[in-house]
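*Asks:* Chain A is already provided as a structure; the job is to place chain B on it using the hints.
Each chain, letter by letter, is given below.
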Amino acid sequence: MRAPVTDLPLVLDGVALQAGATILLNDISLTIAPGVPTLIVGPNGSGKTSLLRLCMGLSAPTGGRITWGGRTDPAPTRRAFVFQRPVMLRRAASANVTYALAQAGMPRSQRPSRAAALLQRVGLADLAHRPARLLSGGEQQRLALARALARDPEILLLDEPTANLDPAATRAVEEIVMSAAQSGIKIVMASHDLGQVRRLAGEVIFLARGTLCERAATNDFLDRPSTQEARAFLRGDLVV
Amino acid sequence: MPDHLSALQLILAGDPALFAIVRLSLGVSLAAVALAAAIGMPIGALLALTRFPGRPALVVLLNAMMGLPPVVVGLALYLLLSRSGPLGAFGILFTPAAMVVAQTVLILPIIAALTRQTIEDLWAEYRDELNAMNVGPIGRMTTLLWDARFSLLTALLAGFGRAAAEVGAVMIVGGNIDGFTRTMTTTVALETSKGNLPLAMGLGAILIVLVLAINAAAWGTRVWSQRLTG
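First to last, the protein sequences are chains A and B. Positions 3 to 242 (this note's numbering) are the ones given, in order, by the first sequence. Positions 22 to 251 (this note's numbering) are the ones given, in order, by the second sequence.
Isolated chain A (complex conformation) (with noise of 0.2 Å):
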């Protein structure tokens, strides 16, 4: 299943993206590569979603280019995605996950153990059999996050994904995420939420207005932000 292909490193060049006449997105560059997790942050429409949405290749920029691993190619090899709200397939939970690992090239005999093995992982073990559309927002989420980690990627980009759950879910969330950046997992997830920044980054993007303000370790951005967005968004003030 491991394909030769890599798509890191994941390296946005001069990027743009302009829906109509409003820009989402302003002359980004940036490079992804592997180590700690980062987090892109930022307030509510500063082009946290646009932005990891390209990385993955699900929109094409207006402007500038992208390259997986030095490819143009958007086809996703060997990353994954977890959106705030994951659609689950009409099935059962565990046909969730052996459906992302058939996609993934996986075969047909290896996938149940594997699948078993996910569900495990993400603490699903004993609803694997329950239809995935009535499972609770948190465990919808940690079932994405099962999905997402069949593809075997090198990174993983998550949009907010805990933004609508309560503490506990939370927790299990970041845990999951956590040991999957420890396996070597690539991390890149959107946050608004500060103390989530604390808890998981390695490094932080801070993103106003569509544009790349600030890229700096964890401590440093919250300690020494260098700019003025960036000091009044961790001011509490609001950022428009």
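In short, the hints are calculated from the structure, not lab data. Don't be surprised by glycine CBs; every beta carbon is placed ideally from N, CA and C. It is possible that part of the hints are untrue.
Residues of chain A clear of chain B, computed beta-carbon distances all greater than 12 Å [claimed, not checked]:
1) 38
2) 115
3) 116
4) 125
5) 166
6) 181
7) 184
8) 211
9) 213
Restraint-style ranges between C-beta atoms, simulated for each label pair [to be verified]:
10) A/128 with B/231: 38 to 48 Å
11) B/78 with A/62: 23 to 33 Å
12) A/111 with B/157: 36 to 46 Å
13) A/234 with B/80: 48 to 58 Å
*Replies:* Just chain B, lined up with the frame of chain A:
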């Protein structure tokens, strides 16, 4: 089947001729639904998932064809299937096979158009997730058809309802031959024109009860399976 007996008496007596008519009607319509589903669902899914010049026109045409007049379909097939017609060599005119073909043509647009709408709606919901899982075109189609299976049941029912209720197409290509191609609807039409209203009304009632029963069964299946799969 003697004309002076009422439909109720025929049912209670287990009249073999009556049951042969009911059996033929159901057989022809169900076969047409199966055929139209096998052809129409992939067409609908394909139309939902592809973008090409002229697609909007095709969608409008398909939607419009949901209202194809049965007699026109019957006439067109009559011309195609008659001895001197291009498909005359098959020799199926005035057989149940021709009736199945006619009803298939009649309900194919219904099933294809409803499938297109269902799959297009579900695709809007699934697009990002499936793209993130790198699902190819064939995989998309089969995934969406499978996950929409309970909604598609409604499309099948609409097709069945149309097939079971129509009279014009089966009358023309079947010929309403007693004991061979006579269906419930053609019998009702014939008996009414003969003035045998009790029999016509009785058969009409049987037809409605059968359609109701099939819809109730499908509804039950849908509710039950949705409870199981969310």
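*Asks:* Does the claim that residue 181 of chain A lies outside the interface with chain B hold up, using a Cβ gap greater than 12 Å?
*Replies:* Correct as stated: the minimum Cβ-Cβ distance to chain B is 21 Å, above 12 Å.
*Asks:* Per the hint of 23 to 33 Å, is the separation of the Cβ atoms of residue 78 of chain B and residue 62 of chain A within bounds?
*Replies:* 28 Å, holds
*Asks:* Starting from the hint 38 to 48 Å, judge whether the C-beta atoms of residue 128 of chain A and residue 231 of chain B obey it.
*Replies:* This hint holds: roughly 45 Å between Cβ atoms.
*Asks:* Is it correct that the beta-carbon of residue 213 of chain A has no partner in chain B closer than or equal to 12 Å?
*Replies:* 25 Å, holds
*Asks:* Was residue 125 of chain A rightly flagged as not at the interface, with every chain B Cβ beyond 12 Å?
*Replies:* Holds: least Cβ distance 20 Å, greater than 12 Å.
*Asks:* Is the nearest Cβ of chain B still more than 12 Å from the Cβ of residue 115 of chain A?
*Replies:* 20 Å, holds
*Asks:* Is it true that the C-beta distance of residue 234 of chain A to residue 80 of chain B lies inside 48 to 58 Å, as the hint says?
*Replies:* Hint holds: Cβ distance 50 Å, inside 48 to 58 Å.
*Asks:* Looking at residue 116 of chain A again, its CB stays over 12 Å from all of chain B?
*Replies:* 15 Å, holds
*Asks:* Regarding the assertion that residue 166 of chain A does not contact chain B, is the least Cβ-Cβ distance greater than 12 Å?
*Replies:* Non-interface label stands for residue 166 of chain A: nearest chain B Cβ at 17 Å, farther than 12 Å.
*Asks:* Is the claim that residue 184 of chain A lies outside the interface with chain B correct, judged by CB distances over 12 Å?
*Replies:* 23 Å, holds
*Asks:* So the hint says 36 to 46 Å: do the beta-carbon atoms of residue 111 of chain A and residue 157 of chain B match that?
*Replies:* Between residue 111 of chain A and residue 157 of chain B, where Cβ atoms are some 22 Å apart, the hint is violated.
*Asks:* Could you let me know if the closest chain B CB is still more than 12 Å away from the CB of residue 211 of chain A?
*Replies:* 24 Å, holds
Checked against the numbered hints listed earlier, the structure breaks hint 12 alone; every other hint is satisfied.
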